[in-house]
Amino acid sequence: MTTRKIDTIRNFSIVAHIDHGKSTLADRLIQATGTVAARDMVEQVLDSMDIERERGITIKAQTVRLDYKAKDGKDYVLNLMDTPGHVDFAYEVSRSLKACEGSLLVVDASQGVEAQTLANVYQALDAGHEIVPVLNKIDLPAAEPDRIRQQIEDVIGLDAADAVLISAKTGIGIPDVLEAIVTRLPPPQGDEEAPLKAMLVDSWYDAYLGVVVLVRVIDGRMRKGQKILMMGTNAHYEIDKIGVFKPKMLDVASLGPGEVGFITAQIKQVADTRVGDTITEDKKQCAEPLPGFKPAQPVVFCGLFPVDAADFEDLRAAIGKLRLNDASFSYEMETSAALGFGFRCGFLGLLHLEIIQERLRREFDLDLIATAPSVVYKIKLTNGEEIELHNPADMPDVVKIDEILEPWIRATIMTPDDYLGAVLKLCQDRRGVQIDLNYVGKRAMAVYDLPLNEVVFDFYDRLKSISKGYASFDYHITDYRVGDLVKMSILVNAEPVDALSMLVHRTRADSRGRQMCEKLKELIPPHMFQVPIQAAIGGKIIARETVRAFRKDVTAKCYGGDATRKRKLLEKQKEGKKKMRQFGRVEIPQEAFIAALKMED
Amino acid sequence: MAATIRNAFDPGFGVYVHWPFCLSKCPYCDFNSHVRKGEVDEDRFVDAFRTEIAHRAALAPGREVRSVFFGGGTPSLMLPSTLEAILRAIADYWPMAADVEVTLEANPTSVEASRFRSFKAAGVNRASLGVQALNDIELRALGRQHSVAEALAALDVANKIFERTSFDLIYARPQQTPAAWRKELELALGRVTEHVSLYQLTIEPETMFERMVDAGKLDLPDVDTQRALWDVTQEVTARAGLPAYEVSNHARPGSECRHNLVYWRYGEYAGVGPGAHGRLITPRGRRAQATEKHPEMWLTCVETEGHGLVEDDLLSAEQEGDEFLLMGLRLREGIDPARFFALTGKKLSQSRVAELIGDGLVELTRDNRIRVSSEGFPVLDAVVADLAA
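Protein chains in written order, with this note's numbering: chain L, 275 to 875; chain Z, -15 to 373.
Chain L extracted, bound-state conformation (with noise of 0.2 angstroms):
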């Protein structure tokens, strides 16, 4: 492949709230540029893991390198670069859109700018991007154009009078987009001579290749076989693989300043490689890394354990694999005297929590219990000292204890007007602090200050309910503060289940107890004797339930010796008491670790 002017690159990505069709609009570019044959075309060609397409988001960047023929009779090379579209992923977002010059801002042309699309243009903005809005599905009857232009200059302040009119599903308007990339986003900028400048922007694990890395060349040109140092870990390379992506793998011999493409060099894990940091030449170093770089921070912790304490080796063995390919969430080995064996894991965000626990089930068949989940809270001690809180059971003696501190995000909320009374309430029940509230249009925004702690189980869940799934909720961590945080325990049959405890407000200890206990009593079956629930904060008890013995089971008639009928439903009684824990005598399922923390409100 010959060196590229690069004038003729465009590197950009697209900005969209989930289902505003930044996946289908991605498929349309790449068909509409003859980048991968009809015949070959899957949909969403981009989001390859199968959670990523069943819930619309990518987890991981990917890029595309699309070849454009435009009006103007030059050739151009367009990288689509496609973002990671969650805020437990901010970091990594910030790093993809650091790799590009521009974005398509992508708004559905009927239901208008959501909370997360607002996040994401603000982060395209603060990378320096120029901004194309494009409107989609404006095939729809019910797209208004004119409203949604109008909500854009209101709400982002961005002009909307040159928004791209399209409709990805129907294809009107993709040869606009493509005009639009190339007349309306600058190209980059670099200089070839000066020593290698790269950006690592993510990395993942590949079962034939090992890492591959995904970089973005800003300065001097990168080759097969030249010695590299990342200089965020200071660890040293050889290029083995160079190549782009068309969406395969195509390999070529050098990226210059401006291209994206990618690298293998021998690298072991996903985790000898950190997500912005630059990579250099080794006897030729760059004067001075990219800025920005940092390492992955977990925000929510949980407990995983093997529901068949059996499966503990299999559960280390997904977790190390699972690690391999995403650095960014951390483990280590915890006892539980209730559950056993486990590992603690953190994770970037709920969304991440949720990843993981699903993937360990469906890549590696793993039965899991996953306990509350639990913020990072920090402790002043009496004697000066503070430690981080990653698990309530390891909270030291509250006379030790000076002031607990807890995390507090600010969160932005898009609801329809309608629903804003329930949602102001749902901030108000967990504590939120109002920033701001104001309207656009039908809809209102309003700003809170949340304590992660109240967020960290259902919020979402609840929002999504009481407005019928039309609100939307963004949100980033802030700061940590004193909370009057106390430790609630669980007690069933006498029993302290320690899985289930949890750190919560004093105002909040009394529902929070009742809630749970009543919940508990709900989720756990009757058994042949009486089973008591009950939360206790220290030594008093707080709320109580009882689940009632059961008073008949038994069948009536066994006919003709159909002994068959009878031993499959025990067996599958059998197979049952497998997925539940035994707690001294009492069976809980489960589910019900995590069904147990869902408030209804």
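Honestly, the hints are just simulated from the structure, not real lab data. Some clues are possibly wrong.
Below are the DSSO-like pairs computed for lysine-lysine, each with C-alpha atoms no more than 27 angstroms apart in a straight line [said to hold, decoys possible]: (1) K568/L to K501/L; (2) K831/L to K167/Z; (3) K831/L to K9/Z; (4) K848/L to K167/Z; (5) K330/Z to K851/L; (6) K840/L to K277/Z; (7) K277/Z to K831/L; (8) K277/Z to K842/L; (9) K852/L to K330/Z; (10) K558/L to K568/L; (11) K277/Z to K846/L; (12) K330/Z to K842/L; (13) K840/L to K167/Z; (14) K699/L to K654/L.
Keeping the supplied structure of chain L fixed, place chain Z upon it in accordance with the hints.
Then chain Z, alone, in the frame of chain L:
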């Protein structure tokens, strides 16, 4: 080896004969019963039964038949000559015990009662009548074709003709109260000679009653009322000298249904006819057998393949243990833990047994048997699941 084990705990051998036809389908019934408009070619069935009996006898030769049970469907609809021919076939292939128990399930209608004498002559010595309720309105709601008066008259006829009789009642019916059931049961017990079966109404999948429950059209007693009805049943029958020897079966001591005891004691039984189940011990182990359910399809199978089996599985030790527990613990006499060990090579969990004894749900008898207590019976399925886990 198999022979010695069989001898040590021998619960005997019985033959179950399924006659799959009914005049109408009752809305609660999920048994293998079919309504036929035209006449059933009974001679063809007799030939098929003979073929299938020969097939089972080849698998389990030489067993002494201690009981034969004609169930259904409605076996009292078959011609007495058909029943006689089937009995003869059984006797042709297996030795018959001198005191073999031959039970016929019958509808208590006047038409069928008029044939009881012929059935007796054909070899039946025990009749089991599907009375089901002593209330005409509820009998209609249960889809039964007889009235209370007719049922009681049929019962009188049966009592005169057969050495032994029993009848069935269904309780926990829609809107039934414990007080109403007490009255009905007391009335019924006055008619019991030696044996009665009292079945709690169970809503079975894919029955008319299930559809009615789903549509909210059936007002069934809640669990607490069901328990109260159960308690009434135990109290009234015990006082009348007819304690439960099995979950739903009551008899004067010594008058238990021998055939059903074979099932519950986990003995060997051959099942012949459409949708019949069997358990036979062959040199390779205990087989769980079931036949084609559809009557005409079963005929074709038997005629072309020599048997109607559609399931014939060797049971694993664990499966045998499960079946032994779930059948055996239905009996008041309980189970012999040594036999559980002989079947499975494993001992019942001592700690579980101890816990259940502590809960008052299980008892140890003086001869070292494990049995479910009066408190345990109403929650038997849970006790079994606990012991089997």
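Status of the hints after comparison with the structure:
Among the hinted pairs, K568/L with K501/L is consistent with the structure: their alpha-carbon atoms are about 24 angstroms apart, no more than 27 angstroms. For the proposed pair K831/L and K167/Z, the alpha carbon gap of about 23 angstroms is at most 27 angstroms, so the pair holds. In summary, the hint linking K831/L to K9/Z is supported, as the alpha carbons are separated by about 18 angstroms, within the 27 angstroms threshold. Only pairs whose Cα atoms come within 27 angstroms are accepted, and K848/L paired with K167/Z is rejected, the gap being roughly 40 angstroms.
With a C-alpha separation of about 20 angstroms, the suggested pair K330/Z and K851/L falls inside the 27 angstroms cut-off, and the hint holds. Between the alpha carbons of K840/L and K277/Z the distance comes to roughly 18 angstroms, so the proposed pair stays at or under 27 angstroms and holds. Only pairs whose Cα atoms come within 27 angstroms are accepted, and K277/Z paired with K831/L is accepted, the gap being roughly 19 angstroms. Restraint check for K277/Z and K842/L: the C-alpha separation of about 19 angstroms stays at or below 27 angstroms, so the hint holds.
Taking the CA atoms of K852/L and K330/Z, the gap is near 19 angstroms; set against the 27 angstroms cutoff, the hint holds. Between K558/L and K568/L the CA atoms are separated by roughly 24 angstroms; this keeps the pair inside 27 angstroms, and the hint holds. For the hint pairing K277/Z with K846/L, the CA-to-CA distance comes to about 24 angstroms; that is within 27 angstroms, so the pair holds. For a cut-off of 27 angstroms, the pair hint linking K330/Z to K842/L stands: about 20 angstroms separates their Cα positions.
Distance check on the hinted pair: K840/L and K167/Z sit about 33 angstroms apart at the alpha-carbon level, beyond 27 angstroms; violated. The straight-line distance between the Cα atoms of K699/L and K654/L is roughly 32 angstroms, outside the 27 angstroms bound, and the hint therefore fails.
Hint violations for this structure: numbers 4, 13 and 14, all remaining hints satisfied.
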